[in-house]
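K.L.:
Given next are the chains, with one letter for each unit.
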Amino acid sequence: MDMDERPLSLVLFSGTDDKLQAAAVLTAGAAALGRPVHLFLQYWALAAFRRDATDRDHGLSPEAGPTGRTAVDDLRAAGQASWAETLRQAKELGDVDIQACSLSMDLLHLDEPDLDPLVDGVEGVTAFYIQAGDGQIIFI
Amino acid sequence: MDMDERPLSLVLFSGTDDKLQAAAVLTAGAAALGRPVHLFLQYWALAAFRRDATDRDHGLSPEAGPTGRTAVDDLRAAGQASWAETLRQAKELGDVDIQACSLSMDLLHLDEPDLDPLVDGVEGVTAFYIQAGDGQIIFI
Amino acid sequence: MDMDERPLSLVLFSGTDDKLQAAAVLTAGAAALGRPVHLFLQYWALAAFRRDATDRDHGLSPEAGPTGRTAVDDLRAAGQASWAETLRQAKELGDVDIQACSLSMDLLHLDEPDLDPLVDGVEGVTAFYIQAGDGQIIFI
Chain A
1 MDMDERPLSL VLFSGTDDKL QAAAVLTAGA AALGRPVHLF LQYWALAAFR
51 RDATDRDHGL SPEAGPTGRT AVDDLRAAGQ ASWAETLRQA KELGDVDIQA
101 CSLSMDLLHL DEPDLDPLVD GVEGVTAFYI QAGDGQIIFI
Chain H
1 MDMDERPLSL VLFSGTDDKL QAAAVLTAGA AALGRPVHLF LQYWALAAFR
51 RDATDRDHGL SPEAGPTGRT AVDDLRAAGQ ASWAETLRQA KELGDVDIQA
101 CSLSMDLLHL DEPDLDPLVD GVEGVTAFYI QAGDGQIIFI
Chain S
1 MDMDERPLSL VLFSGTDDKL QAAAVLTAGA AALGRPVHLF LQYWALAAFR
51 RDATDRDHGL SPEAGPTGRT AVDDLRAAGQ ASWAETLRQA KELGDVDIQA
101 CSLSMDLLHL DEPDLDPLVD GVEGVTAFYI QAGDGQIIFI
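Protein chains in written order, with the working numbering: chain A, 1 to 140; chain H, 1 to 140; chain S, 1 to 140.
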């Protein structure tokens with residue numbers, strides 16, 4: 001199979017802005033290579049994809065500390081796209097599918113209209129594995 | 001190779017109940033598809049598999065916050081199986097092998113009888129890779 | 001492809017000593033099996049690879065708690081190699097390539113001379129994917 005046909009799947013669990021940004025960059029990079037990318041949103045990552053929530057401050061990993069906080073804020077002030085904007089761009093230029101985990105929808109008492117338009121649908125873990133096929137899976 | 005013959009390997013590092021629950025759901029889903037699943041327990045995840053410890057409260061990721069704590073508690077009160085129970089069920093219905101990392105056993109001063117019966121044995125990282133073969137590896 | 005020809009890629013995001021130690025052990029194990037291993041350093045993991053920083057105390061995951069802290073300190077006092085030393089040994093015995101993520105270099109205002117000699121270079125996410133090929137990718 002050609003490099004650009006192999007799907008890449010990311011399970012997003014963490015909802016802090018640093019991990020979401022890392023996930024967005026890995027998504028955009030794979031999409032730019034022409035690979036189908038599949039995101040599966042669980043737990044606190046799903047919470048960050050609620051409608052009107054993507055541009056809020058979701059904090060950073062505790063280890064970032066004040067120095068990390070300043071570094072992230074400075075880069076953002078210098079014009080870096082947010083993770084949500086990076087994902088929007090990746091969806092425009094490539095084949096990026098974002099699905100919410102049905103179990104986590106229950107956990108957070110969410111219905112599909114509660115989610116940001118970035119999210120394409122809701123699916124269970126079985127559907128996730130079938131779409132992932134034998135491509136790489138990254139848990140963030 | 002058929003979908004249901006490809007092994008899936010999970011390295012469990014984190015020992016908080018939210019990450020363990022995510023790992024249990026990913027395990028159960030793959031096992032339900034007929035795939036062999038191999039769990040390799042390190043560090044704080046291994047600590048959570050000590051005998052008589054699986055049903056204790058292991059906390060949540062810091063980012064969960066009080067809202068996340070309430071959501072998890074509510075779902076549990078509504079009858080959601082714990083991660084340990086989900087793993088027990090996955091082992092009954094499928095091919096799920098759970099191994100403790102020998103280096104982490106040393107770190108935590110544990111011997112095999114100290115572990116929950118969910119754990120099938122102790123192995124080193126080389127054995128882990130050999131069992132993982134070219135299947136997907138997920139680090140949680 | 002033979003087991004010992006398949007590359008293994010690790011994206012290191014976290015910079016706490018427990019996660020870096022887990023990554024070093026997974027790297028050393030794969031290198032010992034003869035596999036090419038590729039590390040891609042982002043965010044707080046990259047910060048830990050600054051020159052003169054690898055042997056500092058980078059803390060542990062919050063869930064480690066005081067018991068975990070003591071366990072890690074005791075093992076270290078008993079002679080366990082640090083993660084940086086484990087990586088140095090892995091580079092001597094096997095094919096281990098460590099690259100800094102160019103976006104994270106910008107985030108942390110780092111230039112290549114600011115990094116520990118363990119780091120072989122700086123690359124973007126596209127180069128990372130090309131080097132990863134269809135081998136496993138682990139995000140830590």
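Worth double-checking, as some hints may not be accurate.
[Unchecked claim] Which residues of chain H face chain S? A partial, calculated answer using Cβ under 7 Å:
1) PHE13
2) GLY15
3) PRO62
4) LEU108
5) VAL125
6) GLN131
7) ILE137
Just so you know, the hints here were simulated from the structure itself, not pulled from any lab data.
Note that beta-carbon positions come from the ideal geometry of N, C-alpha and C, so glycine has one too.
K.L.:
Can you verify the interface hint for H/ILE137: is its Cβ closer than 7 Å to any Cβ in chain S?
P.N.:
Cβ of H/ILE137 sits 5 Å from chain S, so the hint holds.
K.L.:
Measuring from the C-beta of H/VAL125 to each C-beta in chain S, is the shortest one below 7 Å?
P.N.:
holds, 3 Å
K.L.:
The hint names H/GLY15 as touching chain S; please verify it with the least Cβ-Cβ distance against 7 Å.
P.N.:
holds, 6 Å
K.L.:
Hey, does the H/PHE13 contact hint survive, CB to chain S under 7 Å?
P.N.:
Constraint on H/PHE13 satisfied, holds at 6 Å.
K.L.:
Would the hint on H/GLN131 be counted as holding, given a Cβ-Cβ threshold of 7 Å to chain S?
P.N.:
violated, 12 Å
K.L.:
Should the hint that H/PRO62 touches chain S count as held when the rule is a Cβ pair under 7 Å?
P.N.:
Holds, because the Cβ-Cβ distance from H/PRO62 to chain S comes to roughly 5 Å (cut-off 7 Å).
K.L.:
Would the hint on H/LEU108 stand, with a C-beta cut-off of 7 Å toward chain S?
P.N.:
holds, 6 Å
Consistency note: the structure conflicts with earlier hint 6 alone.
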